[in-house]
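Q: Given next are the chains, with one letter for each unit.
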Amino acid sequence: MKAIIRLAYRIIIDNSSTFLWDKYVWEDTYKEYLMQNQQFNSKEKPKNTFRELLSENEKAVQLHYLVGIAANGYIEQLKGNFHRVTDVLGNNHFPFVNYKLDIINTDITDISKHKVGITFYSPLLTYLGVVENHYLVSKTTDDVDGLETIMFPVQPRLSICYYEKKT
Amino acid sequence: MERKEFLRGLGLAGLGALTIPVIKACSSDDASSSSTSTTDTTQATNTGGSTNTSCSVTSSETAGPFPTKSPSSLVTANIVSDRTGVGFTINITIKNTNASCAVLAGAIVDIWHCDKDGYYSEYGGTSMQSADFTSAHFLRGRQTTNANGLVSFTSIFPGWYTSRATHIHVHIYNASGTSLLVTQIAFPEGSGSAVALVNASTANGYTKGLSGYTYNASDNVFSDSVANEMSTVTGSVAAGFILTHTINVAG
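Chains as they are written, first to last, in full-length UniProt numbering: chain A, 1 to 167; chain B, 1 to 251.
If you're looking for bench data, these hints aren't it; they were derived computationally from the structure. Do not rely on the hints blindly, as some may be mistaken.
[Said to hold, decoys possible] Think about it this way: if two alpha-carbon atoms lie no more than 30 Å apart in a straight line, the pair counts; the simulated BS3-like pairs of lysine-lysine are: (1) 43(A) with 59(A); (2) 59(A) with 95(B); (3) 69(B) with 79(A); (4) 208(B) with 113(A); (5) 31(A) with 100(A).
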């Protein structure tokens with residue numbers, strides 16, 4: 001079995017996050033939400049939480065993207081490698097070429113309710129199957145006989161998000 | 001590992017020896033050893049520390065990310081990113097109706113507009129799905145007005161899309177981030193206008209022409225208010241265009 005896949009890994013950031021990187025993202029995305037939500041919220045009777053706002057004004061769905069821009073500088077600092085997910089050897093990090101931030105919920109009156117997810121997307125990888133509960137993949141997608149491979153443990157919040165069958 | 005990275009990030013690596021016991025005192029691990037026992041007064045014999053007396057370089061460790069505070073990628077005067085098109089400078093002056101329309105310094109101004117083909121940068125936007133994240137944001141920017149109430153952006157001339165005349169979105173906040181106004185900027189149109197010249201410029205990738213274009217009079221946003229949302233646009237396709245506009249807010 002050989003296929004081209006893309007892996008996705010999602011982290012959750014909330015007020016209990018301890019990594020400094022997470023804290024910066026948490027603080028800055030909250031500040032950005034406070035600014036950007038006003039474009040969609042009522043001035044007189046604003047909805048406090050994102051979920052309330054979204055149910056009232058579906059255009060507020062753009063806030064996922066707009067607030068995500070505040071995280072972009074921190075994502076760039078990772079230089080395309082998400083260090084918290086390593087391969088079985090422990091010295092190859094999860095490579096990513098794109099990301100998407102989603103607001104799980106937040107509250108303009110209470111920063112402690114602010115909670116976001118960030119999904120990191122890998123480049124296209126050659127998928128060779130699951131071996132001993134590890135995704136056996138290669139960063140090489142060319143059709144060659146021998147491939148350098150890496151093995152990422154199957155784990156919560158690590159998903160195959162794109163699959164293309166190769167014959 | 002997590003704690004180590006956290007402390008490093010704070011620049012407290014050198015204080016690790018001091019800090020870790022303090023943190024440990026709060027950890028649940030101590031719950032099981034809280035009962036007093038004779039071992040409490042026993043001097044440690046294995047005290048760690050360096051026993052290496054040779055003069056050699058200390059082992060390296062995985063660096064991992066060292067995060068630094070970073071302004072939003074939105075804060076930029078050049079909003080072109082990976083987009084192409086006719087050069088365009090956007091100069092917006094903010095004035096305060098609560099101060100006899102004096103210029104308003106320190107106001108935060110967000111702008112965004114579509115690319116030459118009519119697309120915005122957004123999740124799920126066309127031509128963005130497979131893009132690298134470094135080019136996922138384009139034609140969106142944030143600047144703070146100077147002492148003359150002015151913000152300037154370097155961009156490309158916007159294209160258009162069905163049912164809308166050419167426009168730029170603007171959101172103005174006061175210095176503390178409270179929204180003052182969400183509005184749009186309209187463009188002069190008709191023969192000889194920048195809109196006509198640019199959209200005829202297939203050499204610069206503006207391939208739609210003006211067939212099916214919505215003019216200001218038929219535009220849902222501008223039809224009732226175009227007079228005070230109309231900008232001045234000067235320049236040429238070759239040299240680029242400069243938009244000048246004043247927006248009044250109750251600052």
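Q: Indicate, hint by hint, whether the structure satisfies it.
A: Checked hints:
no., hint, verdict
1, 43(A) with 59(A), "holds, 16 Å"
2, 59(A) with 95(B), "holds, 29 Å"
3, 69(B) with 79(A), "holds, 15 Å"
4, 208(B) with 113(A), "violated, 46 Å"
5, 31(A) with 100(A), "holds, 18 Å"
Checked against the numbered hints above, the structure violates only hint 4.
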